[in-house]
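*Asks:* Given chain A's structure and the hints, the job is docking chain B onto it.
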Amino acid sequence: MTDQNVQAGKTSMDDIKRVAWAACNTFRGLIDPAEYKDYILIMLFLKFISDVWKQHLEDNLRDLKGDEVRVQRRMQRERFVMPEGSTFDELHAARDSDNIGERVDIALEAIESTNKAKLGGVFRNVSFNSATKLGETKDRNRRIKNLLDDFAKLDLRPGHVVEDEAIGEAYIYLIERFASEAGKKAGEFYTPLQVSRVLAKLVAPKSGERICDPACGSGSLLIETAYEVGSKDFALFGQEVNGGTHALAKLNMFLHDIDGARIEWGDTLNNPQLIEDDKLAVFDIVVANPPFSLKKWGGNEKTEDGKPKPDRFNRWHRGLPPPSTGDWAFITHMVETAKPKLGRVAVVVPHGVLFRGGAEGKIREAMIRENLLDAVIGLPSNLFQSTSIPVAVLVFDRRREKSGARAETTDVLFIDASRDFKQAKTQNILESAHTAKIIETYNTRKDVERYARDVPAREIAENGFNLNIPRYVDTFEAETEVDVRAVQVEIEQLEAELLKVRERMVGYLKELGVDA
Amino acid sequence: MPKACTALKVPLAKIAQVRPGLSFREAIRHVEGGSISVVQAGDIGVDGVINPAELLRIAVVPVQGGIPELKQGQVLLQSRGQSYRAGVVPPHHGAMVATASLLVITPGATVLSAYLAHFLNDPVTQAELRKRAAGATIANLKRSELEDLEVLVPSLEDQKRIVALGEALRQQSRIEARLVELRRIQLRALIEERAERNRGR
Chain A
1 MTDQNVQAGK
11 TSMDDIKRVA
21 WAACNTFRGL
31 IDPAEYKDYI
41 LIMLFLKFIS
51 DVWKQHLEDN
61 LRDLKGDEVR
71 VQRRMQRERF
81 VMPEGSTFDE
91 LHAARDSDNI
101 GERVDIALEA
111 IESTNKAKLG
121 GVFRNVSFNS
131 ATKLGETKDR
141 NRRIKNLLDD
151 FAKLDLRPGH
161 VVEDEAIGEA
171 YIYLIERFAS
181 EAGKKAGEFY
191 TPLQVSRVLA
201 KLVAPKSGER
211 ICDPACGSGS
221 LLIETAYEVG
231 SKDFALFGQE
241 VNGGTHALAK
251 LNMFLHDIDG
261 ARIEWGDTLN
271 NPQLIEDDKL
281 AVFDIVVANP
291 PFSLKKWGGN
301 EKTEDGKPKP
311 DRFNRWHRGL
321 PPPSTGDWAF
331 ITHMVETAKP
341 KLGRVAVVVP
351 HGVLFRGGAE
361 GKIREAMIRE
371 NLLDAVIGLP
381 SNLFQSTSIP
391 VAVLVFDRRR
401 EKSGARAETT
411 DVLFIDASRD
421 FKQAKTQNIL
431 ESAHTAKIIE
441 TYNTRKDVER
451 YARDVPAREI
461 AENGFNLNIP
471 RYVDTFEAET
481 EVDVRAVQVE
491 IEQLEAELLK
501 VRERMVGYLK
511 ELGVDA
Chain B
517 MPKACTALKV
527 PLAKIAQVRP
537 GLSFREAIRH
547 VEGGSISVVQ
557 AGDIGVDGVI
567 NPAELLRIAV
577 VPVQGGIPEL
587 KQGQVLLQSR
597 GQSYRAGVVP
607 PHHGAMVATA
617 SLLVITPGAT
627 VLSAYLAHFL
637 NDPVTQAELR
647 KRAAGATIAN
657 LKRSELEDLE
667 VLVPSLEDQK
677 RIVALGEALR
687 QQSRIEARLV
697 ELRRIQLRAL
707 IEERAERNRG
717 R
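Protein chains in written order, with this note's numbering: chain A, 1 to 516; chain B, 517 to 717.
Hints should not be assumed to be uniformly reliable.
[What the hints assert, rightly or not] Beyond 10 angstroms from chain A on every Cβ pair, some chain B residues (computed): (1) G561; (2) A616; (3) T622; (4) P639; (5) A649.
[Claimed, not checked] Using 27 angstroms as the maximum straight-line C-alpha spacing, the simulated DSSO-like pairs for lysine-lysine come out as follows: (6) A:K362 / A:K339; (7) A:K402 / A:K362; (8) A:K279 / A:K307; (9) A:K206 / A:K118; (10) B:K587 / B:K676; (11) A:K510 / B:K525; (12) A:K341 / A:K206; (13) A:K510 / B:K676; (14) B:K525 / A:K500.
[Said to hold, decoys possible] Pulled from the structure, derived: some chain A residues nowhere near chain B, Cβ distances all over 10 angstroms: (15) R177; (16) S231; (17) R502.
No wet-lab data here; the hints were simulated from the structure.
Here a beta-carbon is modelled for each residue, glycine too, at the ideal position from N, C-alpha and C.
With the rest of the complex left out, here is chain B:
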């Protein structure tokens, strides 16, 4: 095979750093007015969106020393269960941490966060991640397994295009869903209107 082709797939460890989220020994309890927001696995929405306003807040983290804060643009990946949704850390105020149910990925210069999240969420990648997960009761994706995952890396320009195309696709779905809803509302209104007309006859 030509050399360019072998470089097509790159182990994740070569293009990004992976670390586990923070291990909380106890269930996380919301503290009103707490200064640190916590991203848990369920906080990554279906479309990979993390909404900072909906996160639980805490006052202290169970670690000595500095808080392992999340930075905008890092990618979070669910590491437990049967699907491993990825999302990009959004702009936020104050400290934000991820729990151990997430792996924190810091992309290097050759890969865009949004592209990496898109790639991880792709059904083919998801199937590969499922193969790599192991565990006695709950499947768990180990950091080392994720680091070995082979990532397809197009040029940065192409990555941008793919991300944009993915976003356009989601937008299309949203518009189409709303259209179906509006057509249904319209139909119901028409039933009432036509019945009303019929009554006058």
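The following block holds chain A by itself, in its conformation from the complex:
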């Protein structure tokens, strides 16, 4: 803690980040960041709910003048109920015991089963007693003890944390840091904040809307989109295929004080979990940064008689995306789960989505013919930790459907924002001015030379429904016709300059005693 905060006795967001990041030293080199992140984030969560529990227990004991029965009753109505022996302090007190890994596991299991509705399944992917991950007993015990000691330094009791959002923000910060350490593997669980922000602002969610991310990872894109609402009046939905990441997304929601989010575990394309009345649930906003060009996504599954397996929800009515490239499967799923005549969709895609032919071309054509596509936005390359390729954002708007509020709009806005970024060491950065320019252009739909153009549907059809951005937004600065004479003049000038430089060099050499 910084000196100031020690005086004030409060924990700041930086304190949380620092302690958690320092705790990672326990694992560095032993296991991958992609795996040890789970241990750190779960410990942060455990510390948080334990501290809240401790504070409320103290408050209740004081308020109810030590009437244990009533205190117990009141504590059972807590947001998270902590069974005996499972709080962080109890585990910390037992940090020297020989079976501390097992004890942590038992505690997490008890917390999970006591709070089944909220925490069902979230700790299942992590074992603090795993010899393969954390080493032989002696090493393992030492590591867990270090971890407990590190987190014991944090005071996360309500009223003792400086900023309201500190814990949630620290959690996202850690995920981001893990993503940068995990490198390529990070694509699975993290969308950079700058990209999330563009998506959130493009779909502009309003109060009372249902927001879904069918490939939600650790949930940061969902949270960023929810922030864009400007109030707490929203409903969040998400699905994630990776069990560990799914757990992180759930914890992320709780740490951001969003208890009502429905985050499901499973494969969105083959086994959508967000079902209502035996139909796919529909949403006002669907955003996602799905895995790029996912292979073997399940599009080639056959029935016993060798026919393509029909989709239970008839999502692929525009055509079955190729089994080797899942991009249009995700896009189609997203469009299908947006509310008819109301829903808005924003999805991050690799550029191939814009122009590949075959089945993908047919689906693209159908979407454009149905007047669903609203905008194509090219972003700079190297924005992601996991890949350096440039990506695009596709915006679909179901209000453009027949008899929808925007049915009159038939053109598609193309924005080429690929040259607007700040170059940093390893990654390019979209600054707020760059994002603001994209959003303003999207909202006004005005042509901007070499940046954006509102393209009539007819022109896209003439281009064979190819959405490759340079076809519509000409960013090429025409090479001025070479004037041979002017070139010769410049050559002569440079030759003269070169002579002077050489003379100067001779001069210096002479001064240094060399006769050239």
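*Replies:* Coordinates of chain B only, in the frame set by chain A:
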């Protein structure tokens, strides 16, 4: 050997002060509008130029007390890896700090910053620095090793001349590169022009 010759090579510690750059425990993240610019190893260009406009900016440094600010004319030397490029801290506004991947050298009165940077960038010096570096995974040039480096110190007048000569040499390379490019453009244009003439026949 005559005495003048032994004084020819002087350990760096005698003519300059060396301190390490600032240790950031975490990756440095750019803060828009941050008041402190940070020089990292990669910010020293191939010709030893540091461009203040391209530096990452931060709001706070991870040290108690005053900021260990860089001053114009100090020499920065990359201390990790296989090459140790040196550059002179340029004129700048606001606070500027160097990271721990750089050693900060403050030249004394007998040596010019530009000369020292030139000397450090010289291939012979670079080879010597490589010998002095040590490390388990990434070679690291320790401050004490750099302080022991023997520097050839001509008179201040000669230092100026050598720096000027080095600059003239770089200028010559730049002009020559541009000339090659222009000749190529000219050649392409001539191909088109001659083909056009041929078509009329």
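*Asks:* It remains to establish, for every hint, whether it holds in the given structure.
*Replies:* We went through each hint and held it up to the structure:
The Cβ of G561 (chain B) lies farther than 10 angstroms from every Cβ of chain A, with a closest approach of about 14 angstroms, so its non-interface assignment holds. Distance check for A616 (chain B) against chain A: the nearest CB is about 15 angstroms away, which clears 10 angstroms, and the non-interface claim stands. For T622 (chain B), the non-interface assignment is confirmed: its Cβ lies about 26 angstroms from the closest Cβ of chain A, beyond the 10 angstroms cut-off. No Cβ of chain A comes within 10 angstroms of the Cβ of P639 (chain B); the nearest lies about 19 angstroms off, and the non-interface call holds.
Every CB of chain A lies more than 10 angstroms from the CB of A649 (chain B), the least distance being 22 angstroms, so the non-interface label holds. Between K362 (chain A) and K339 (chain A), the direct Cα distance comes to roughly 23 angstroms. Compliance with the 27 angstroms bound is thereby established for this hinted pair. Distance hint between K402 (chain A) and K362 (chain A) is fulfilled; the C-alpha atoms sit about 20 angstroms from each other, no more than 27 angstroms. Straight-line distance between C-alpha atoms of K279 (chain A) and K307 (chain A) comes to about 23 angstroms, which keeps the hinted pair within the 27 angstroms bound.
Distance hint between K206 (chain A) and K118 (chain A) is fulfilled; the C-alpha atoms sit about 26 angstroms from each other, no more than 27 angstroms. Straight-line distance between C-alpha atoms of K587 (chain B) and K676 (chain B) comes to about 20 angstroms, which keeps the hinted pair within the 27 angstroms bound. At most 27 angstroms may separate the alpha-carbon atoms for a hinted pair to count; K510 (chain A) and K525 (chain B) meet this at roughly 24 angstroms. Of the supplied pair hints, the one linking K341 (chain A) and K206 (chain A) holds, its CA atoms being roughly 16 angstroms apart against a limit of 27 angstroms.
Under the criterion of a C-alpha separation no larger than 27 angstroms, the hint pairing K510 (chain A) with K676 (chain B) is consistent with the structure, at around 14 angstroms. Annotation: proposed proximity of K525 (chain B) to K500 (chain A) is violated, straight-line Cα distance about 34 angstroms (limit 27 angstroms). The beta carbon of R177 (chain A) sits about 8 angstroms from the closest Cβ of chain B, which is not more than 10 angstroms, so the claim that it is off the interface is violated. At roughly 27 angstroms from the closest C-beta of chain B, the C-beta of S231 (chain A) stays outside 10 angstroms, upholding its exclusion from the interface.
In this structure R502 (chain A) is not separated from chain B by more than 10 angstroms, as the shortest Cβ-Cβ distance comes to only about 7 angstroms.
When the structure is compared with the earlier hints, violations turn up for hints 14, 15, 17 and for no others.
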